[in-house]
Amino acid sequence: MNIIELTDVSKTYERNVKALKQFSLSVQEGECVGVIGESGSGKSTLAKLLVGLERKDQGNLSILGSTVSLQNKKEKAYFRQHVQMVFQDATSVLNPKLPIWKSVIEPLENFKNLKPRYLDNTPDSALEIAKVLLNMVGLDQQYLQAFPDDLSGGQKQRVGIARAISLSPKLLICDEPTSSLDVTVQKQILLLLKELQQKNQMSIVFISHDIRAVVFMCERIIVLKDGEKVDEFLIDDIYSNERHPYTKTLIKAASYE
Amino acid sequence: MSVPLLEIHNLAIITTNQTSELSLIKGINLKVARGEIVGLIGESGSGKSLTAKAILGLLPECVKVSEGSIMFKETNVLTQSKKQRYSLLGRQMAIISQDYRGSFTPYIKIGKQMMETIRSHSSLSKKEAKQIAFDMLSHMDLPEERIYNSYPFQLSGGQVQRAAVATIMALQPSFIICDEVTTALDVINGEKVMNYIDMIRKKTNCGVLMITHDLTQAFKRTDRLYVMSQGEIVEEGPTKKIRRLPTHAYTKSLYASLLPLPDKQKETSARRVVDL
Amino acid sequence: MESIYQAKHRLIQYPTLTISLFLTVILLIMLTLGPIIVAHDPFQINMTNRLQSASMSHILGTDQLGRDLFSRILYGGRLTVGLGLIAILLALLIGVPIGLISGYIGGKLDAFFMRIVDGIIVFPDFILAIAIAGILGPSLTNIVIAIVLVKWIVYARVVRGLVMAEKEKEFILAAKISNSSIGKIIRRHLWPQIIPDVVAMAAIDVGKVILIISTLSYIGVGAQPPIPEWGALLNDGRGYFQVHASLMIYPGLAIMATVLCFNLLGDGVKEYMDPRKGGKS
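Protein chains in written order, with UniProt numbering: chain A, 1 to 257; chain B, 1 to 276; chain C, 1 to 281.
Looking at chain A on its own, in the form it has when it is part of the complex (with noise of 0.2 Å):
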């Protein structure tokens, strides 16, 4: 079974702004499949109507087996824990006015039930979780009590995927994770998720502008434009002839030589 199903998908907004339009993808289990489009090609639309913050207006939806309807308790409990996002703004992405270690504690609360495995060996208090979660990402303990004004953009947004992944996700949608962050920072938050990636063997659906980080990140990459599938390829086929105009352009652009 595919871990997301979509067919011909459509999303308009108020005064008939349509933000999607016949859009379908299918991510099957551990894929990596990234989404190419500019601002107003209707990314974050797609982002959000795959973590279930939009309703699809038209079209078939399945992520998860789930229609995403969210109406059953059961369900949409489920359907948290398993899909989970990494924000596109590392300033607003935690609250200001939460130390590190109760945001990043946040999904665990909500269930309580819950034990993800890279828990094993660690007791139950609030604190220890926080510092393998924070570990899990790379940052230091002296965090733990820290506010977000004290860290930095790459470190706020550690602490974003920590809480993204610390429900043992399947599916992670990344919306333009590293856009608000300094070229030398970007990489090492792609690592980090590549990384997080082939340990957890989770599906990752990687939206972003930036051709490189998309190139970098997937096997398959889908360019959107104007709410419209433009085209799709593997990336080795990234040079071939029968690239869309646009990819052409997208990847010219890109390219120095």
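Hints should not be assumed to be uniformly reliable.
As the list claims (entries may be wrong) - In silico SDA-like cross-links for lysine to any residue, where the CA-CA straight-line distance does not exceed 25 Å:
hint, chain 1, residue 1, chain 2, residue 2
1, A, 187, B, 239
2, B, 192, A, 242
3, A, 48, C, 187
4, A, 225, B, 214
5, B, 264, A, 219
6, A, 18, C, 170
7, A, 21, B, 187
8, C, 184, A, 127
9, C, 184, A, 89
10, A, 73, C, 195
11, C, 167, A, 179
12, A, 97, C, 182
13, A, 187, C, 187
14, C, 167, A, 196
15, A, 252, B, 213
16, C, 176, A, 196
17, A, 187, B, 213
18, C, 176, A, 229
19, B, 252, A, 225
20, A, 76, C, 195
21, A, 48, A, 145
22, C, 176, A, 67
23, A, 252, B, 239
24, A, 74, C, 173
25, B, 192, A, 40
26, C, 184, A, 124
27, A, 76, C, 187
28, A, 248, B, 216
29, A, 229, B, 191
30, A, 252, B, 187
31, A, 187, B, 138
32, A, 48, C, 53
33, A, 252, B, 83
34, A, 170, C, 105
35, C, 184, A, 147
36, A, 112, C, 173
37, A, 225, B, 196
38, A, 102, C, 41
39, A, 73, C, 105
Hints in this document: simulated from the structure, not taken from any laboratory.
Add chains B and C to chain A, keeping to what the hints say.
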């Protein structure tokens, strides 16, 4: 090389509050010749935008130049009066910045604003100014008639940005600073704007200082490159040379963080071995 | 945890807050301990003693019925300030939850609440308070009801606006997709972001409300004789202003000082809770 268009010598900028002084940038030496496009690259907070503001004379109140000189067309602009420096803006020096939303007044048509800007810097008739505006807009690949008669809010962000660039270029400044121009634009519009700036540069032989954090853009567009980190220039040289052989540790780390695109020649998928 | 030393250091950093807090505490102590301090019964009429100037036994003199002015001002202050605080508290209790829920849940519920709010807010609050107090009949309780009816709207609206600005932030979305309940999101993520603004606003409003209570009593729709509410004291003294101005000056000064004190407190709280808005870095 003849006398450069712009020459910054040993520039230092400090910020002061009641009690203390803080050095923001120091020991900056930078040259831009006529017809040359020079890159100034660095991460956020490295001081590159501050350097640009110092050149234009637009430093905020609490920040001031403590040392050095900025020679523009063989005159030290730092010794000039505020009024003199202000008169340089537009025809002599111009900045194309990443935030274009403020470039037009929202309730006056773009065309009228363009025409007025052109006329306030020259002695052209309305008709001649309009002709120039039309030319510029069509160079920018914009539907000139429609843009000219539109209000800013009727256009997309990319169109407004390109119209703003067209207005600046209509004055044919001899020195242009591009401050993260492509950041706020989508790729296609960004490419269009940069191609256009390049075209104007070749035509009018103006100097361009391109400020960016994007190594790809810098490699692709510039003749020479300055790498800035924590308020100092750590490396400089021809772009080709820095691309081939970066020497400073910071440049190397920037280079290392540039994510690779697949190689065009090799066809095997084995090349995508990831170094974890 | 913040040590006492650090707390002290922060108070020195925020002089407005420190001074206004100090003044407010003195004011509240005086009003609470009022009955113990004063030597005279504020309701005791003594016609032989009327319109006395300040003396050792009556430090602010006496009024037209020979009652001790200082005792009356202290007693009146308990009423005026106390009722002001109660009115604000009640308005907060109604307005803040409605603003939170309306702003966060949105949709039809929000539309419903906001229509009510829009309908009422078109009237200037002071005029509306006079009208409501007038309809309900003159009494202090009715004034409080009138103020609560007018003020909750302001809080609901402001809180709703703050919530709308916060609720699309990524940490709220993150809480949502990790299965946090609406209650938890409001309590843990929204409430801490809006409380500084609400507290500051409430502190400033205490001053305003004290002014409204006094004014309404002054024009006769509030406290009735012989209740020594500050506005009523002003009204009492009105007829004797030319012969014995202190009957109006002292209650007037009391109102002014108190309002100033709460306004300062509001500014101080705002600066302390959100340094960026107070102009400090």
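Cross-check of the supplied hints:
Restraint check: the Cα-Cα separation between residue 187(A) and residue 239(B) comes to about 23 Å, which is no more than 25 Å; the hinted pair holds. With a C-alpha separation of about 24 Å, the suggested pairing of residue 192(B) with residue 242(A) holds against the 25 Å cut-off. Distance check on the hinted pair: residue 48(A) and residue 187(C) sit about 24 Å apart at the alpha-carbon level, within 25 Å; holds. At roughly 23 Å between alpha-carbon atoms, residue 225(A) and residue 214(B) fall within 25 Å of each other, so this suggested pair holds.
Between residue 264(B) and residue 219(A) the CA atoms are separated by roughly 16 Å; this keeps the pair inside 25 Å, and the hint holds. Distance restraint check for residue 18(A) and residue 170(C): the Cα-Cα separation of roughly 23 Å lies within the 25 Å cut-off, and the hinted pair is therefore satisfied. Restraint check for residue 21(A) and residue 187(B): the C-alpha separation of about 22 Å stays at or below 25 Å, so the hint holds. With a C-alpha separation of about 20 Å, the suggested pair residue 184(C) and residue 127(A) falls inside the 25 Å cut-off, and the hint holds.
Our distance criterion of 25 Å between C-alpha atoms is met by residue 184(C) and residue 89(A), whose separation comes to about 23 Å. About 32 Å separates the Cα atoms of residue 73(A) and residue 195(C), which puts this hinted pair outside 25 Å; it is violated. With a CA separation close to 22 Å, the supplied pair residue 167(C) and residue 179(A) stays within the 25 Å bound. Taken as a hint, the residue 97(A) and residue 182(C) pair is honoured in the structure, with Cα atoms around 18 Å apart against an allowance of 25 Å.
Taken as a hint, the residue 187(A) and residue 187(C) pair is broken in the structure, with Cα atoms around 36 Å apart against an allowance of 25 Å. With a CA separation close to 29 Å, the supplied pair residue 167(C) and residue 196(A) exceeds the 25 Å bound. Only pairs whose Cα atoms come within 25 Å are accepted, and residue 252(A) paired with residue 213(B) is accepted, the gap being roughly 19 Å. Pair hint residue 176(C) plus residue 196(A) holds up; C-alpha atoms about 23 Å apart against a cutoff of 25 Å.
The straight-line distance between the Cα atoms of residue 187(A) and residue 213(B) is roughly 15 Å, inside the 25 Å bound, and the hint therefore holds. For the proposed pair residue 176(C) and residue 229(A), the alpha carbon gap of about 28 Å is over 25 Å, so the pair is violated. A C-alpha spacing of about 35 Å is found between residue 252(B) and residue 225(A), which places the hinted pair above 25 Å, so the restraint is violated. Between residue 76(A) and residue 195(C) the alpha-carbon distance is near 31 Å, which puts this suggested pair outside the 25 Å criterion.
Using a Cα cut-off of 25 Å, the hinted pair residue 48(A) and residue 145(A) is violated, with the two alpha carbons roughly 31 Å apart. For the hint linking residue 176(C) to residue 67(A), the alpha-carbon distance of about 18 Å falls within 25 Å, and the restraint holds. For a cut-off of 25 Å, the pair hint linking residue 252(A) to residue 239(B) stands: about 19 Å separates their Cα positions. Restraint check for residue 74(A) and residue 173(C): the C-alpha separation of about 20 Å stays at or below 25 Å, so the hint holds.
With a CA separation close to 18 Å, the supplied pair residue 192(B) and residue 40(A) stays within the 25 Å bound. For the hint linking residue 184(C) to residue 124(A), the alpha-carbon distance of about 22 Å falls within 25 Å, and the restraint holds. Using a Cα cut-off of 25 Å, the hinted pair residue 76(A) and residue 187(C) holds, with the two alpha carbons roughly 21 Å apart. Between residue 248(A) and residue 216(B) the CA atoms are separated by roughly 16 Å; this keeps the pair inside 25 Å, and the hint holds.
For the suggested pair residue 229(A) and residue 191(B), the alpha carbons sit about 22 Å apart, so the restraint of at most 25 Å is met. Taken as a hint, the residue 252(A) and residue 187(B) pair is honoured in the structure, with Cα atoms around 10 Å apart against an allowance of 25 Å. Between residue 187(A) and residue 138(B), the direct Cα distance comes to roughly 40 Å. Violation of the 25 Å bound is thereby established for this hinted pair. With a C-alpha separation of about 76 Å, the suggested pairing of residue 48(A) with residue 53(C) is violated against the 25 Å cut-off.
At most 25 Å may separate the alpha-carbon atoms for a hinted pair to count; residue 252(A) and residue 83(B) exceed this at roughly 44 Å. Under the criterion of a C-alpha separation no larger than 25 Å, the hint pairing residue 170(A) with residue 105(C) is inconsistent with the structure, at around 29 Å. Taken as a hint, the residue 184(C) and residue 147(A) pair is honoured in the structure, with Cα atoms around 20 Å apart against an allowance of 25 Å. A C-alpha spacing of about 20 Å is found between residue 112(A) and residue 173(C), which places the hinted pair at or below 25 Å, so the restraint holds.
Between residue 225(A) and residue 196(B) the alpha-carbon distance is near 24 Å, which keeps this suggested pair within the 25 Å criterion. A distance of roughly 56 Å separates the Cα atoms of residue 102(A) and residue 41(C); the hinted pair therefore is violated under the 25 Å criterion. Of the pairs offered as hints, the one joining residue 73(A) and residue 105(C) holds, with about 19 Å between alpha carbons and a cut-off of 25 Å not exceeded.
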